[in-house]
Structures are given as C-alpha cells and as structure tokens.
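So the protein sequences, as listed, match chains A and B.
Note that the UniProt record's numbering has the first sequence beginning at 1, numbered continuously upward.
Note that the UniProt record's numbering has the second sequence beginning at 1, numbered continuously upward.
Simulated from the structure, these hints should not be mistaken for lab results.
The reader is advised that the hints may include incorrect statements.
If several chains are the same, the list does not tell them apart, and a pair holds so long as it fits within one copy or across any two.
[Unchecked claim] Here are the simulated lysine-lysine pairs, DSSO-like style, with alpha carbons at most 30 Å apart: (1) LYS160 - LYS139; (2) LYS8 - LYS118; (3) LYS171 - LYS8; (4) LYS29 - LYS171; (5) LYS29 - LYS126; (6) LYS75 - LYS118.
This structure is a prediction, so every number in the text was calculated from the model and none was measured.
There are 2 protein chains.
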Amino acid sequence: MATKKIPKATAKRLPIYYRYLSVLLSANKRRVSSTELSEAVQVDSATIRRDFSYFGELGKRGYGYDVGSLLNFFKGILNQDTLTNVALVGVGSLGSALLNYNFHQDTNLRISAAFDTKPELANTVKSGIPIYPASEMQKQIKEQQIDAVILTVPSSTSQKVADQLVSVGVKGILNFTPVRLSVPKNIQVQNIDLTNELQTLIYFIKNYAENNQDKEEK
Amino acid sequence: MATKKIPKATAKRLPIYYRYLSVLLSANKRRVSSTELSEAVQVDSATIRRDFSYFGELGKRGYGYDVGSLLNFFKGILNQDTLTNVALVGVGSLGSALLNYNFHQDTNLRISAAFDTKPELANTVKSGIPIYPASEMQKQIKEQQIDAVILTVPSSTSQKVADQLVSVGVKGILNFTPVRLSVPKNIQVQNIDLTNELQTLIYFIKNYAENNQDKEEK
C-alpha cells in the first residue's frame, strides 16, 4: 500500500472520512454513494474520488462504496487499532481545556501525561491525566515512549521546549503557540494558530462571496 | 487591488507574514530578504515570492522587501485598522480558554460577547467579556453587528446554533465542533477539528520522513 505517496491534503481528510463512516456503520448502513459522502463531509465528490484513488479503486459504479471495507481500510491507515500515547506540555487555560477535551472518543488517542512548570500543578491529576513537573518532562517522555506532543506553553519558551522534546525522541508537535518552530527535517509540526485562523476567517468574510468550506485544500 | 483572486492558501499565510513583519518593525528593521523571511516563517521562498506576486511586484532584486511598506500593505488587506467584533458561543472549557486567549494582542480582533445556555453563567463576565444567556444570542448579534462567531458548543447542538446565527446575519463561523456544518454558500466556515489535527499529526509521524511544516498548502 503506497500510503507514503498520498498528498498531505488528502491525509488531512482521512480522519473526516473515517469519522463519518463510523457513524454510518453504527447506523447499520452498508453502502454510501460518493454524493452522500460528499454532502455529509462537505468535500466535493471529485476530490473524494481523487482522494480514494490514491488507495486503489475502492468504489463500484452504481453501487457506491462499501462502508465496512472502507472503514477497515482507513482504520489500518490511521492506526486506529494501535493506542497512541500523547503528552501535553503547558497546562494553562488552553492546555487545561485540551486535557478536558474528548480526543479519544472514537479514536485510539490518549493523552497519557501533562507537564507544567508551576509547582502547584506538579503531581496533581486533571481530567484524569497526571501532571508532572517540567523537570521530569524529558525522563517521562522517554520512558513512556511518547512520539507526539501537544504544545501549549507561552510563546517565549516554545522553541526551548521544542528543542528539549526533539532531543528525547519526540517525532511530532501539535503547536498551539504562534511561534513557527525550527526543528530538524524529520520532525513533523502541525501549527494551530488561533489568531491566524480567526484573522483568516475575517479576511474570507470580507473578500470571498461563495462557500469554500475547506475546499481549498486539494 | 485584485485581492478577490488570491488563493485561500495564500490568504492563510498573510497573518503569518504580518505577524513577523510587525516584530521586525518593532526591532527597527527596515528591510528583509526573502531568504530571511522564509526561514522565520517556515515557508519556502518560492512560495513567498508567488504569494507576494498576487499583490503586484513588491520586492526589489538585491534589496529584498521594505518592511514598513509591506506591513502597511498587509494591514490594509487584513483590515487591521478596523476593529472587528467577534462573538463566542458555548462557554465550556474550550470556550472559556478561548475567552482567555489573547486574540487581540497585535490584531484588531476583539471578542465582544459570549453566549451560553447554563443559567449560572448568564450575565457574568469572564476574562473581561460579558456572557449573555443563549436566549439573547440572536438579539445581541444583530445589535452588535457581529459578522464572525467562534463556535464551541457541543456537537449535538452545533447545526441548530449555526442556523440561528446565519439567520441573524452572521457571515463566518470558526467551527471547533467536529460536525461539518451545512450553511448557505455565502457563509464562510473555518473548521478547527482538534481530534482530526492530532490524528493527522500522528499519521504524518508514521508515514512521512521529511519536514513538511505547512508546506503542503500551496
């Protein structure tokens, strides 16, 4: 399976497809047409067909897609069968909200550890997740073999923390700070810059007339 | 100025350029080369040049870009001179964190109102922002002429709330719920699906070797 070759924009849509297909399966729906799928996930059907084509021919003309096999297929790709431990660094108000956020509802994601410099948070438990002092971060990340970290520290320390994480083997960072991190080429960074998202939305409101809900990412 | 024609991927990078140029200006830096800019914002220089070309020829060979004029230019595009009122609907833990988030640090964005169904939150103030009961949402949004809304309600009510918002003239929604909203074509929706982002990151860690930090969005 040549999953290495799929474009990132396609990869980003996989969890969306996955989620919707899970809903269909629990409603005992066995088949879905590309039109139905398109309307439900708000991605045009040409894009859906192109996305699916990266995984080989999965749909049949006049029949649509088989929900069960599609779901099994995506499950494999998304590693839904393997539990992935994630850490969160920086338990401020956004960090706390993310600890409380139900990431693992229908996924195998789990925040297994959080870290913060504030002494009063050290060795407490929040939303069921243990908070360790920052001084134990590198040790814990190594011991728990954590690959992915959610970064919600203040901007001023984000690069320093990223460097520390990378040095103990972290492979990917979900970066909520507005800082563009400088990391080695083999480290994945996903930026979620909330101010940027809001500014972009307002820019779109003022400059675009038609609905382009995520359709740009082809 | 043909800003209507710029691709959404370019539009999404404008706030990033804007932020970095502001930093340079406050450090009294007058000029920036495309290489410097590229390293700072982690966007390759060919993309930067192509982005800037949508706004006409702004850089000079061997000189680079003039920080002040570039900044003024983007300021106009991003409506930084006009204060934009934004509302937040759904003051749960994520909603509270966003009320507390410093969106307007160097922008002209301001959350001017929040709404929630919980009676104990009604008519209180959180992080300096008034929280109104949900029953007053439509009236307040109309009166305050709010165009953009941050949606942090539970998934089960998100479509209903979106419909109510659209009916009183809201033009754009920053949607934090995993639901893909169905809205009229002229309404902008930006989805921030946190589970999706985390799943995508983990997928990238497992499937991509090189650093592609946001470079896919060309």
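(message) Let me make sure I understand: some of the numbered hints might not hold for this structure. Which ones are they, in numerical order?
(response) 2, 4, 5 and 6
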